[in-house]
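Trainee: Residue strings, one per chain:
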Amino acid sequence: DSGVTQTPKHLITATGQRVTLRCSPRSGDLSVYWYQQSLDQGLQFLIQYYNGEERAKGNILERFSAQQFPDLHSELNLSSLELGDSALYFCASSGAPSSYNEQFFGPGTRLTVL
Amino acid sequence: GENVEQHPSTLSVQEGDSAVIKCTYSDSASNYFPWYKQELGKGPQLIIDIRSNVGEKKDQRIAVTLNKTAKHFSLHITETQPEDSAVYFCAADLWRTDKLIFGTGTRLQVFP
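Residue numbers (the working numbering), protein chains in the order written: chain A, 1 to 114; chain B, 1 to 112.
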């Protein structure tokens, strides 16, 4: 158990809808990262927050947005969903804004868009 | 952009044999190289990492080697067991950022 929690575990929705994925980092970790993993694909970095502020952006679509709240939990919002958005979404957390810090991954949310 | 290449994409070994997975990175300023194991239906789990000031690190049956000159690093698993079957990802940090660039993964199957 990494200490990172994600809800929900599974999500099934229809095209055009909007969903929110939630992540709670390990106790004391200030950074949260979001990744997308499509079937048999690698981990694509989406976005990172550090202590409530956006710190880095990756290949995140304009239809997607995220935020980190004062209690450090983070939410990833996906809107106008398309079939191709079906994937596993992981969040990871780390302790400080340094590239030397280990990232600990949550169990993921499996999103299915029908 | 910066990238990490990982080979092979699939690897099948007999229980008890060794397995080696290799990665090459492009950012010469990278200093941190973690390896993750992802079991079916689970999130990636950090199993070992190495920083640029050392050339090798071991933890029981797993070891990682780093060649900064050639910009490649490898994961070695000895005495493989069926529970080692999983997808393994290498990664390298992007200098002056908190980002990790991941390889495309290696699906390891260990047959009893």
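Hints are supplied without guarantee of correctness; some may be wrong.
Listed next, the in silico DMTMM-like pairs over lysine to aspartate or glutamate satisfying Cα-Cα at most 20 Å (straight line) [unchecked claim]: (1) B/K37 to B/D49; (2) A/K57 to B/D84; (3) A/K57 to A/E75; (4) B/K37 to A/D71; (5) A/K57 to A/D1; (6) A/K57 to B/D98; (7) B/K57 to B/E79; (8) B/K37 to A/E54; (9) B/K42 to A/E102; (10) B/K71 to B/E39; (11) B/K71 to B/E56; (12) B/K37 to B/E56; (13) B/K58 to B/D27; (14) A/K9 to B/D49; (15) B/K22 to B/D84; (16) B/K58 to B/D84; (17) B/K57 to A/E102; (18) A/K57 to B/D27; (19) B/K71 to B/D49; (20) B/K68 to B/D17; (21) B/K37 to B/E83; (22) B/K42 to A/D1; (23) B/K58 to A/E102; (24) B/K37 to B/D17; (25) B/K37 to B/E5; (26) B/K68 to B/E2; (27) B/K22 to B/D59.
Simulated coverage check for chain B against chain A, where a stretch passes if three residues somewhere in it have a Cβ under 8 Å from a Cβ of chain A [said to hold, decoys possible]: (28) 50–59; (29) 66–77.
Think of the hints as simulated: they come from the structure by calculation, not from any bench. Keep in mind the model is a prediction, meaning the values are calculated, not measured. Note that beta-carbon positions come from the ideal geometry of N, C-alpha and C, so glycine has one too.
Trainee: Work down the list of hints and note, for each, if the structure agrees.
Mentor: Verification of the hints:
| no. | hint | result |
| --- | --- | --- |
| 1 | B/K37 to B/D49 | holds, 12 Å |
| 2 | A/K57 to B/D84 | violated, 33 Å |
| 3 | A/K57 to A/E75 | holds, 15 Å |
| 4 | B/K37 to A/D71 | violated, 29 Å |
| 5 | A/K57 to A/D1 | violated, 27 Å |
| 6 | A/K57 to B/D98 | holds, 11 Å |
| 7 | B/K57 to B/E79 | holds, 17 Å |
| 8 | B/K37 to A/E54 | violated, 28 Å |
| 9 | B/K42 to A/E102 | holds, 18 Å |
| 10 | B/K71 to B/E39 | violated, 28 Å |
| 11 | B/K71 to B/E56 | holds, 14 Å |
| 12 | B/K37 to B/E56 | holds, 19 Å |
| 13 | B/K58 to B/D27 | violated, 24 Å |
| 14 | A/K9 to B/D49 | violated, 28 Å |
| 15 | B/K22 to B/D84 | holds, 17 Å |
| 16 | B/K58 to B/D84 | holds, 16 Å |
| 17 | B/K57 to A/E102 | holds, 16 Å |
| 18 | A/K57 to B/D27 | holds, 18 Å |
| 19 | B/K71 to B/D49 | holds, 15 Å |
| 20 | B/K68 to B/D17 | violated, 27 Å |
| 21 | B/K37 to B/E83 | holds, 11 Å |
| 22 | B/K42 to A/D1 | holds, 10 Å |
| 23 | B/K58 to A/E102 | holds, 17 Å |
| 24 | B/K37 to B/D17 | holds, 18 Å |
| 25 | B/K37 to B/E5 | holds, 17 Å |
| 26 | B/K68 to B/E2 | holds, 16 Å |
| 27 | B/K22 to B/D59 | holds, 18 Å |
| 28 | 50–59 | violated (count 1) |
| 29 | 66–77 | violated (count 0) |
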